[in-house]
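S.K.: These are the residues of each chain, in order.
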Amino acid sequence: MASYFVAVATISLIYMLLAMGLNLQYGHTGLINFGHVAFFAAGAYASALLSLAGWPLPASFLAAMIVAALLAWPIGLLALRLADDYLAIVTLGFSETLRIVLQEEGWLTGGVQGLPGIPGLFAGLGPDARGLATLGALALCNAVAFLLLRHLVRSPYGRLIRAIRDDQTAVQALGKSAARPKTRMFMLGAMLAGLAGAFYAHFIAFLSPEQFVPLVTFYVWIAVIIGGAGSMAGAAAGSVLLLAFLEGSRFLRDALPGVSEIQMASVRLAVVGLALILCMLYRPQGLFGRRKG
Amino acid sequence: MISAISLANYAVNGLVEGLLIALPALSLTLVMGIAGFANAATGDYMTVSAYAAVTMQKALAASLLLAAAGALAAGVALALLCHWLVFRPLARRPAVTSLVASIGVALLVRSVLTFFAGHDQQSIQTPLMRAWNFGGLRLLPTDLAVAGVAVGALLAVFALLHGTPIGRQMRAVADNPDLARASGIRARRVMLALWAMAGALCATGGVLYGVKAVIMPDLGWELLIAAFAAMVLGGIGNPGGAVLASVLLGLAQELSVPLVGPSYKIAVAFAALLLVLLARPRGLFGTALAAR
Numbered sequence: 000m001a002s003y004f005v006a007v008a009t010i011s012l013i014y015m016l017l018a019m020g021l022n023l024q025y026g027h028t029g030l031i032n033f034g035h036v037a038f039f040a041a042g043a044y045a046s047a048l049l050s051l052a053g054w055p056l057p058a059s060f061l062a063a064m065i066v067a068a069l070l071a072w073p074i075g076l077l078a079l080r081l082a083d084d085y086l087a088i089v090t091l092g093f094s095e096t097l098r099i100v101l102q103e104e105g106w107l108t109g110g111v112q113g114l115p116g117i118p119g120l121f122a123g124l125g126p127d128a129r130g131l132a133t134l135g136a137l138a139l140c141n142a143v144a145f146l147l148l149r150h151l152v153r154s155p156y157g158r159l160i161r162a163i164r165d166d167q168t169a170v171q172a173l174g175k176s177a178a179r180p181k182t183r184m185f186m187l188g189a190m191l192a193g194l195a196g197a198f199y200a201h202f203i204a205f206l207s208p209e210q211f212v213p214l215v216t217f218y219v220w221i222a223v224i225i226g227g228a229g230s231m232a233g234a235a236a237g238s239v240l241l242l243a244f245l246e247g248s249r250f251l252r253d254a255l256p257g258v259s260e261i262q263m264a265s266v267r268l269a270v271v272g273l274a275l276i277l278c279m280l281y282r283p284q285g286l287f288g289r290r291k292g
Numbered sequence: 000m001i002s003a004i005s006l007a008n009y010a011v012n013g014l015v016e017g018l019l020i021a022l023p024a025l026s027l028t029l030v031m032g033i034a035g036f037a038n039a040a041t042g043d044y045m046t047v048s049a050y051a052a053v054t055m056q057k058a059l060a061a062s063l064l065l066a067a068a069g070a071l072a073a074g075v076a077l078a079l080l081c082h083w084l085v086f087r088p089l090a091r092r093p094a095v096t097s098l099v100a101s102i103g104v105a106l107l108v109r110s111v112l113t114f115f116a117g118h119d120q121q122s123i124q125t126p127l128m129r130a131w132n133f134g135g136l137r138l139l140p141t142d143l144a145v146a147g148v149a150v151g152a153l154l155a156v157f158a159l160l161h162g163t164p165i166g167r168q169m170r171a172v173a174d175n176p177d178l179a180r181a182s183g184i185r186a187r188r189v190m191l192a193l194w195a196m197a198g199a200l201c202a203t204g205g206v207l208y209g210v211k212a213v214i215m216p217d218l219g220w221e222l223l224i225a226a227f228a229a230m231v232l233g234g235i236g237n238p239g240g241a242v243l244a245s246v247l248l249g250l251a252q253e254l255s256v257p258l259v260g261p262s263y264k265i266a267v268a269f270a271a272l273l274l275v276l277l278a279r280p281r282g283l284f285g286t287a288l289a290a291r
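Chains as they are written, first to last, in numbering that gives the first Met the number 0: chain A, 0 to 292; chain B, 0 to 291.
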């Protein structure tokens, strides 16, 4: 039972990293990223493949962050030329395209069979200690990311990116460029997703393309929106709520006879969809947010 | 080297696929032009309609025509329902809100569908016909029928847009909402007409896709990227552009099959989208739909 809680806590901290990245992009900078899962996948596969090729894990984790950020770079540049809706479409298309590449290029990624035997973190420790140590490392990364991002959004630069979110034309009229901050924030958010991906790969130890469907992106969106876009603590709280719901629905199924696991997956999807709709209709500022909708 | 005849076969298939993409693409571009947001649930309206047709055939032993009529009713009803419950209340908020809500609608609709209908493949029963063979060029009568109905539906929408008062009002709202309101155009009726039209286009696309291929819960979602690409390619809010772009995209997707295999269709659509955005951000065919 204890190891179950450690596992759930690990996954929720991975989602927290993802949510922090998306919150930076959407909540603070106003970039609509419907392809967050692509950068998560890129980080996961990059770290897994490099560690399987013999790289030490710290190096492969770093590489995962760099790969994700570099993938985000051209899309961030493109985003400067595009209105909000276009970026949403482009990122969604990008994440689906990347998933197909992961699926088709079996020589590199193992294709649909997947990529097994990814080394875990802290291999020297016993099984219980290893789980706790991984959780500790994740908590540390979350804390560092949280503090750095809080510092960033409270700095003058943070005011600049929020100003771009609220009125890009006004910012440009004041003689400031909107282009570079937007690209940077997009890359930074993707970098956090890449880090989350690396943790995920070495925690799960097995990767396959179907783990990276667009639904993951919208799970993260739910976490950010429920927490209140633009609220740092909200994104963290939203991730915990999301995981509580995803895991809680498993126990709920045990209590509901006659509902198959596949149907329960439908129910889960329905709740996510409904939550997105209801949040948009009634609480666009999220459960904890204060920003006017 | 690929022979000319097999290339021609791919081209024919691409033409039919392109006409199928044109239906949701036209729906997307009309909604974008008039309601002002990208409706990510467009594909799922198609899926629901396709399942409605299958259910009519299976449960009620309805004829193909009756099943198609039921699907049309289901598509229009779903689009209007989502308009009343979700998109109309959000109309005054930023477009992002409607876009995110439309993702919610897409997930919700698909989840209800899979809860009751499961994940198994379904198919719409059509009379079996042998392919015609013109010296290697294979033509399926079903494909011809699918293409014919698609063209008919597209022509009907263009006739409505350009030949009726409500169509002219729709184009006026797309062109300049404030001026349209000042001229006494009632936005309420325009929106009803828009969503009925969007739902009908999706329903037609869903049924035709079901006739041509198999029906799965993510049938429409899989077409969404291509329809988005066609909308952008054609110039957002430009109905004629969307149709032409869809056909080009269908051809590009099919003609790429001998080069990169069938799995990379979405990637081809995505690549086309990127190229257009880089080279001509306003689409291949210029600006939005306008009323004269």
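Rather than coming from a laboratory, the hints here were simulated on the basis of the structure.
All C-beta atoms in this analysis are idealised placements derived from N, C-alpha and C, irrespective of residue type, glycine included.
Among the hints, a few may not be true.
[Said to hold, decoys possible] If you want a taste of the chain B side facing chain A, the calculated C-beta under 8 angstroms gives, among others: (1) L89; (2) A94; (3) G103; (4) V111; (5) S255; (6) L258.
[Unchecked claim] Over 10 angstroms on every C-beta distance to chain B, these chain A residues come out as not near it, computed from the model: (7) A1; (8) P55; (9) L69; (10) P115; (11) G135; (12) A142; (13) L147; (14) E209; (15) R252; (16) A269; (17) G272; (18) P283.
S.K.: Could you run down the list of hints and mark each one as holding or not?
M.R.: Here is what the structure says about each hint:
1. Contact between L89(B) and chain A, as hinted, is supported at the beta carbon level, the nearest pair being about 6 angstroms apart and thus within 8 angstroms.
2. This hint holds: A94(B) has a C-beta 6 angstroms from the nearest C-beta of chain A, less than the 8 angstroms allowed.
3. The beta carbon of G103(B) comes within 3 angstroms of a beta carbon in chain A, closer than 8 angstroms, and the hint placing it at the interface holds.
4. The beta carbon of V111(B) comes within 6 angstroms of a beta carbon in chain A, closer than 8 angstroms, and the hint placing it at the interface holds.
5. With its C-beta approaching chain A no nearer than about 13 angstroms, S255(B) sits outside the 8 angstroms limit, and its interface hint is violated.
6. Against a cut-off of 8 angstroms between C-beta atoms, the interface hint on L258(B) is violated, since the closest Cβ of chain A lies about 13 angstroms away.
7. Against chain B, the non-interface label of A1(A) holds: every CB pair exceeds 10 angstroms, the least being about 33 angstroms.
8. A cut-off of 10 angstroms between C-beta atoms confirms that P55(A) is not in contact with chain B; the least separation is 34 angstroms.
9. In this structure L69(A) is separated from chain B by more than 10 angstroms, as the shortest Cβ-Cβ distance comes to about 17 angstroms.
10. The Cβ of P115(A) lies farther than 10 angstroms from every Cβ of chain B, with a closest approach of about 22 angstroms, so its non-interface assignment holds.
11. With a least beta-carbon separation of about 35 angstroms from chain B, G135(A) lies farther than 10 angstroms from that chain, consistent with its non-interface assignment.
12. For A142(A), the shortest C-beta to C-beta distance to chain B comes to about 29 angstroms, beyond the 10 angstroms cut-off, and the non-interface label holds.
13. A cut-off of 10 angstroms between C-beta atoms confirms that L147(A) is not in contact with chain B; the least separation is 27 angstroms.
14. Distance to chain B confirms E209(A) as a non-interface residue, since its nearest Cβ pair spans about 12 angstroms, more than 10 angstroms.
15. No Cβ of chain B comes within 10 angstroms of the Cβ of R252(A); the nearest lies about 13 angstroms off, and the non-interface call holds.
16. The non-interface label for A269(A) is inconsistent with chain B: the shortest C-beta to C-beta separation is roughly 4 angstroms, within 10 angstroms.
17. The non-interface label for G272(A) is inconsistent with chain B: the shortest C-beta to C-beta separation is roughly 3 angstroms, within 10 angstroms.
18. For P283(A), the non-interface assignment is contradicted: its Cβ lies about 6 angstroms from the closest Cβ of chain B, within the 10 angstroms cut-off.
The structure fails hints 5, 6, 16, 17, 18 (numbered hints given earlier, in ascending order).
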